[in-house]
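Residue numbers (my numbering), protein chains in the order written: chain F, 1 to 265; chain S, 266 to 555.
Just so you know, not all the hints are guaranteed correct.
Calculated pairs, SDA-like style, for lysine to any residue (alpha carbon to alpha carbon, straight line, at most 25 Å) [unchecked claim]:
{"id": "1", "chain 1": "F", "residue 1": "Lys180", "chain 2": "S", "residue 2": "Leu269"}
{"id": "2", "chain 1": "F", "residue 1": "Lys71", "chain 2": "S", "residue 2": "Lys279"}
{"id": "3", "chain 1": "F", "residue 1": "Lys71", "chain 2": "F", "residue 2": "Leu54"}
{"id": "4", "chain 1": "S", "residue 1": "Lys271", "chain 2": "S", "residue 2": "Gln361"}
{"id": "5", "chain 1": "F", "residue 1": "Lys177", "chain 2": "S", "residue 2": "Asn344"}
{"id": "6", "chain 1": "S", "residue 1": "Lys351", "chain 2": "F", "residue 2": "Pro193"}
Keep in mind the hints are simulated off the structure, nothing from the lab.
Quick caveat: nothing in here was measured; it's all calculated off a predicted structure.
Residue strings, one per chain:
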Amino acid sequence: MMEKMIFGRFIPGDSLVHRLDPRAKILFVFLFIAIVFIANNAITYAILLGFTLLSVFLSKIRLYFLINGLKPVFILMAFTFFLHLFFTQGGDLLVSIGFVDIYEEGLRQGIFISIRFLVLVFMTSILTLTTSPISITDGIEVLLGPFKRVKLPVHELALMMSISLRFIPTLMDETGKILKAQMARGSDIGSGPIKERIKAVVPLLIPLFVSAFKRAEDLATAMEVRGYRGGEGRTRYRQLNWRLIDTLSLLLLVGFAGLLWYFRS
Amino acid sequence: MDILLKQVGYSYAKDTPFEKRALTDVTLHVPSGSYTAIIGHTGSGKSTVLQHLNALLQPTEGSVLIGDRKIEAGTKAKNLRDVRKKVGIVFQFPEQQLFDETVLKDIMFGPLNFGVPEEEARRRAIALVEQLGLPEDVLEKSPFDLSGGQMRRVAIAGVLAMEPDVLVLDEPTAGLDPRGRREIMDLFYRLHKDKGLTTVLVTHSMEDAARYADTVAIMHGGKCVATGGVREVFANEEQLGDYRLEPPRTVRMQREFEEKTGIILHELALTEEALAHAISQALQEGRGWK
Numbered sequence: 001m002m003e004k005m006i007f008g009r010f011i012p013g014d015s016l017v018h019r020l021d022p023r024a025k026i027l028f029v030f031l032f033i034a035i036v037f038i039a040n041n042a043i044t045y046a047i048l049l050g051f052t053l054l055s056v057f058l059s060k061i062r063l064y065f066l067i068n069g070l071k072p073v074f075i076l077m078a079f080t081f082f083l084h085l086f087f088t089q090g091g092d093l094l095v096s097i098g099f100v101d102i103y104e105e106g107l108r109q110g111i112f113i114s115i116r117f118l119v120l121v122f123m124t125s126i127l128t129l130t131t132s133p134i135s136i137t138d139g140i141e142v143l144l145g146p147f148k149r150v151k152l153p154v155h156e157l158a159l160m161m162s163i164s165l166r167f168i169p170t171l172m173d174e175t176g177k178i179l180k181a182q183m184a185r186g187s188d189i190g191s192g193p194i195k196e197r198i199k200a201v202v203p204l205l206i207p208l209f210v211s212a213f214k215r216a217e218d219l220a221t222a223m224e225v226r227g228y229r230g231g232e233g234r235t236r237y238r239q240l241n242w243r244l245i246d247t248l249s250l251l252l253l254v255g256f257a258g259l260l261w262y263f264r265s
Numbered sequence: 266m267d268i269l270l271k272q273v274g275y276s277y278a279k280d281t282p283f284e285k286r287a288l289t290d291v292t293l294h295v296p297s298g299s300y301t302a303i304i305g306h307t308g309s310g311k312s313t314v315l316q317h318l319n320a321l322l323q324p325t326e327g328s329v330l331i332g333d334r335k336i337e338a339g340t341k342a343k344n345l346r347d348v349r350k351k352v353g354i355v356f357q358f359p360e361q362q363l364f365d366e367t368v369l370k371d372i373m374f375g376p377l378n379f380g381v382p383e384e385e386a387r388r389r390a391i392a393l394v395e396q397l398g399l400p401e402d403v404l405e406k407s408p409f410d411l412s413g414g415q416m417r418r419v420a421i422a423g424v425l426a427m428e429p430d431v432l433v434l435d436e437p438t439a440g441l442d443p444r445g446r447r448e449i450m451d452l453f454y455r456l457h458k459d460k461g462l463t464t465v466l467v468t469h470s471m472e473d474a475a476r477y478a479d480t481v482a483i484m485h486g487g488k489c490v491a492t493g494g495v496r497e498v499f500a501n502e503e504q505l506g507d508y509r510l511e512p513p514r515t516v517r518m519q520r521e522f523e524e525k526t527g528i529i530l531h532e533l534a535l536t537e538e539a540l541a542h543a544i545s546q547a548l549q550e551g552r553g554w555k
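When you get a sec, could you build the whole thing from the sequences and use the hints?
Okay, structure coming up:
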């Protein structure tokens with residue numbers, strides 16, 4: 001069940017996108033999110049979609065896998081699509097069934113918003129799929145560096161983030177194990193009436209909390225024992241390395257924004 | 266109750282880039298009333314096989330026959346409660362599954378899920394606490410207030426309270442002190458003998474396998490590479506070596522004894538007691554030292 005989820009997952013690889021500096025990728029995605037809103041007609045949305053598919057291609061992630069893993073997102077997408085389809089008015093009346101009127105503008109908006117949603121989800125997924133959680137946090141820490149001046153605990157935030165990311169798979173594994181142990185004792189979240197299923201959550205959550213707290217305590221002890229005392233004067237083991245291709249990728253994005261601006265109506 | 270795995274294959278995370286093959290063409294028969302040990306190196310697929318024994322995992326190829334219930338690749342099995350009632354699993358580090366307010370409630374959790382009346386479940390819990398050598402006042406305590414060893418025993422009691430026909434044990438004594446290990450393993454063996462419980466033990470310990478099991482299956486690289494009687498498997502040192510396993514300590518000592526003295530013992534010694542007995546007998550028979 002959880003195996004197919006791809007939120008926050010990382011697939012190791014050595015594609016062009018994998019090799020980009022995490023800072024470049026994070027900046028890229030944030031800029032892209034802003035740029036998406038430039039698009040406002042059929043051509044620009046088509047360019048947007050094409051650009052996204054090109055990025056997927058360059059990252060060497062199988063499209064099928066991406067689509068399969070993002071199924072829950074598609075439900076949300078379909079929901080917004082129909083919302084626009086039924087409730088946006090304007091342009092010619094296309095179909096009218098009973099009390100439902102579908103206007104041209106509604107269809108247009110529905111399709112555009114869906115594409116916008118799709119490219120945003122695809123791009124952010126590419127970021128997390130091609131960048132290891134550790135690199136993402138490293139990148140964020142550096143990018144947020146300037147905010148240290150205003151007393152933002154950047155290092156601590158980055159540490160918290162990397163610890164939580166680090167423990168996602170561990171906790172997932174543990175959930176699976178406890179789930180199975182309780183299933184073997186006849187409690188089953190996966191089947192039975194809804195009331196039974198809700199009752200089956202307690203035997204799952206309590207052991208999970210107990211072990212999470214225990215792990216947190218162990219980790220804190222282990223860090224203290226090894227002399228951890230915050231980010232002050234700490235050097236890095238993993239050095240980030242900005243190369244020409246990173247600059248080029250951002251320039252490409254700027255060019256892309258210009259293209260969208262040109263074709264926008 | 267018989268369990269039969271027929272050409273079972275299993276892949277984790279099938280159809281994703283994370284797909285990982287765990288089992289290939291595993292055929293294994295666990296006859297009713299037998300004590301089967303599954304041995305093998307780390308990552309050989311032992312634990313994956315174990316989860317097929319009560320349909321926690323469904324094979325991606327082949328089929329599993331549990332009693333008269335057939336679980337086949339490709340079909341989604343429903344209503345597995347009956348199967349799970351009959352096959353109890355003690356997982357590795359079972360104390361992780363404790364959750365209820367009191368030990369009593371936690372032990373009663375399994376039986377109540379399977380429709381055992383409350384009075385009967387309570388009776389079983391009380392009896393098991395005693396059998397497992399826990400003090401009686403533990404029943405009303407929170408399981409999280411107990412020591413690690415006690416938690417382990419409570420968790421085991423929680424599985425035994427279901428009174429399954431088949432008991433599957435995954436390294437049940439890992440991390441316990443030697444005496445605790447022995448006590449718990451002996452208890453499982455007693456249940457196996459007294460109640461005719463079909464037992465499957467997944468273990469790293471060749472000594473445990475030799476002492477308790479009557480059939481041994483070797484897993485290697487996701488395949489079941491050998492099955493046979495316990496003596497037959499442990500006598501074949503070459504085969505064990507092929508799968509990076511060592512014979513039990515008693516067998517190693519027997520071989521050394523035989524080599525040094527030239528006296529060949531009548532049969533393979535599977536326990537320390539048997540080895541001591543066999544050696545003293547051989548010496549008494551007056552075959553003397555060469």
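Hint by hint, here is what the structure shows:
Our distance criterion of 25 Å between C-alpha atoms is met by Lys180 (chain F) and Leu269 (chain S), whose separation comes to about 21 Å. With a C-alpha separation of about 16 Å, the suggested pairing of Lys71 (chain F) with Lys279 (chain S) holds against the 25 Å cut-off. For the suggested pair Lys71 (chain F) and Leu54 (chain F), the alpha carbons sit about 21 Å apart, so the restraint of at most 25 Å is met. At most 25 Å may separate the alpha-carbon atoms for a hinted pair to count; Lys271 (chain S) and Gln361 (chain S) exceed this at roughly 32 Å.
Distance hint between Lys177 (chain F) and Asn344 (chain S) is fulfilled; the C-alpha atoms sit about 20 Å from each other, no more than 25 Å. Between Lys351 (chain S) and Pro193 (chain F) the alpha-carbon distance is near 22 Å, which keeps this suggested pair within the 25 Å criterion.
Checked against the numbered hints given earlier, this structure breaks only hint 4.
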